[in-house]
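S.K.: Residues per chain, in single letters:
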Amino acid sequence: MRRLALLLLAALLLAAPARAELPLQVGGDLGLFYRDEAGGNRTVLFGFAPRASIALRPHLRLAAGYLFALAPAGDAIAAERVQHHRLDVRAELEWPVRAATVVVGAGPALALTHATLFDHDTAMISSTTLRPGLAGGLALEVDLGKLRLRTGVDTFATRGRADVFVLLGASVPLGGAR
Amino acid sequence: MRCALVLALLLAIFSPSARAVEERVRLYDLSADTLAPGQTDLGLFWGRYTRGIVPNLQLHTHIGGDALTLLNVFAKYRFLDRPELRASIEAGLIWPAISLLGAGNGNGVPLLLWVPLELRTSIPVGDDLELSVAWIYRAVVTSISDSSFGQSSLRQEVSLLRYDKTGAWFFTGRFPLLVRSQTSLKSFLGKSDVSGVLTLDDLSSWGALVGRDFTFGTTGHIRLGAGYRNTPGILFYESIGHVLVNVDLYWR
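So the sequences go chain by chain: A and B. Using my numbering, read the first sequence as starting at 1 and increasing by one per residue. Using my numbering, read the second sequence as starting at 179 and increasing by one per residue.
Just so you know, these hints were derived from the structure itself, not from any lab. Keep in mind that this is a model prediction, so the values were computed, not measured. Cβ coordinates follow ideal geometry from the N, Cα and C atoms, glycine included. A few of these clues could be false.
[To be verified] Pairwise CB distance ranges (calculated):
id : chain 1 : residue 1 : chain 2 : residue 2 : range
1  : A       : Asn41     : B       : Tyr255    : 47 to 53 Å
2  : A       : Asn41     : B       : Ser362    : 23 to 29 Å
3  : B       : Val232    : A       : Leu70     : 52 to 58 Å
4  : B       : Tyr415    : A       : Leu24     : 47 to 53 Å
5  : B       : Ala317    : A       : Pro72     : 32 to 38 Å
6  : A       : Asp119    : B       : Val232    : 57 to 63 Å
7  : B       : Ser359    : A       : Leu70     : 36 to 42 Å
8  : A       : Leu144    : B       : Val251    : 38 to 44 Å
9  : B       : Leu249    : A       : Val89     : 50 to 56 Å
10 : A       : Arg57     : B       : Ile267    : 57 to 63 Å
11 : A       : Asp119    : B       : Asp244    : 54 to 60 Å
12 : B       : Arg390    : A       : Ala170    : 32 to 38 Å
13 : B       : Val318    : A       : Ala162    : 29 to 35 Å
[To be verified] Just a few of them, taken from the derived set where beta-carbon distance is under 7 Å, the chain B residues facing chain A:
id : residue
14 : Gly351
15 : Leu355
16 : Ile412
[To be verified] Counterexamples of contact, computed for chain A against chain B with all Cβ distances above 10 Å:
id : residue
17 : Leu24
18 : His85
19 : Ala91
20 : Leu93
21 : Arg98
22 : Thr116
23 : Asp119
24 : Ser126
25 : Thr151
26 : Gly160
27 : Val164
Model the full assembly from the supplied sequences, consistent with the hints where possible.
M.R.: This is how it looks when you write it as structure tokens:
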């Protein structure tokens, strides 16, 4: 049954017509960033993630992305501000389905967390944590002329932590002809 | 093995064919489409009445709720209609009119307001196969005397619809994204004002539902669906324990 499913998947990938690829696609995603805290809780933050991708072959592209989220906490007397940064590079497989495309990608990522404690607007203590990990994602893309809309979910997994980013984004081509 | 069987069953149900979709079998509540002007839809449960007003605009209300002083009105407008993508936005207001009795006289009857907002997109992935992605926002605001309590939630819903001559199959995944609660108490216990906001993720309450919409006669529809919710929801309103149920009887 597993071999049959794999054969079917391979046949669908090969049978699907390749969509016209452009040299570079740039854009950004907005969404909800679920930061995995200790004890299995997740903090919900708004995140912004610019990204770029380039077609290597039909159905295969290389993408690079950067995610930023800011977590303010505390009050006017004792405030805390935590910055989340993440850089990832991933290979993405495309599966065109009529006018839409399902995209699955995975690759290495580096996450940086910078926390600062403030006392009456004066920064007192700060700490920085750097963690390598694996980023992956599943997205659905639709082309409206040159504008490509996408929605999906990204994850970042490292030792003891798994962050999730539910996204809505758009991208446009840069250079080249369709 | 069980996952493979479920996958094979879903593939069998949702494999596309070359038939075009008839208007009669379309699922308007699970897609970005709206009723044509003058077209009506009447549901048995809560007396849901929907009417197409002008092209791409429909209004609906639950007559049962209106009769019980739970005034409600929803408007759905399809703002994008392209072969590759259709999109609509739906906004509504639910207001228990009985709360008017307490407004402004400090007798403790709460003012309650629900505001649902939904952005839905439909993407054709076959001649009779469609994918629908929706973002659903709901806000509830309650105020009593000098205090207020509000709760808002955001949920994403992904549906795969397969149409045929006698109806449609649907497979829906529901993914609650966040729940935000806000409280404001004036002069709590005679002391200072107290206010706070709590935002929690709700990803663990995901659910999945599969069902079928059968047509009968020229205008009748019966919908039956069942599924699983990872965490039990509000009884009957959200789920029955871990079980999601979708039952409806309507005429269009």
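S.K.: All the hints need checking, so say for each whether the structure fits it.
M.R.: Right, here's what the structure says about each hint:
no.	hint	in the structure
1	A:Asn41 x B:Tyr255: 47 to 53 Å	violated (38 Å)
2	A:Asn41 x B:Ser362: 23 to 29 Å	holds (25 Å)
3	B:Val232 x A:Leu70: 52 to 58 Å	violated (43 Å)
4	B:Tyr415 x A:Leu24: 47 to 53 Å	holds (49 Å)
5	B:Ala317 x A:Pro72: 32 to 38 Å	violated (22 Å)
6	A:Asp119 x B:Val232: 57 to 63 Å	holds (59 Å)
7	B:Ser359 x A:Leu70: 36 to 42 Å	violated (22 Å)
8	A:Leu144 x B:Val251: 38 to 44 Å	violated (31 Å)
9	B:Leu249 x A:Val89: 50 to 56 Å	holds (54 Å)
10	A:Arg57 x B:Ile267: 57 to 63 Å	violated (38 Å)
11	A:Asp119 x B:Asp244: 54 to 60 Å	holds (56 Å)
12	B:Arg390 x A:Ala170: 32 to 38 Å	holds (35 Å)
13	B:Val318 x A:Ala162: 29 to 35 Å	holds (31 Å)
14	Gly351	violated (11 Å)
15	Leu355	holds (6 Å)
16	Ile412	violated (21 Å)
17	Leu24	holds (22 Å)
18	His85	holds (21 Å)
19	Ala91	holds (24 Å)
20	Leu93	holds (17 Å)
21	Arg98	violated (5 Å)
22	Thr116	holds (21 Å)
23	Asp119	holds (22 Å)
24	Ser126	holds (24 Å)
25	Thr151	violated (6 Å)
26	Gly160	holds (18 Å)
27	Val164	violated (7 Å)
Taken one by one, the earlier hints fail for this structure at numbers 1, 3, 5, 7, 8, 10, 14, 16, 21, 25, 27, listed in ascending order.
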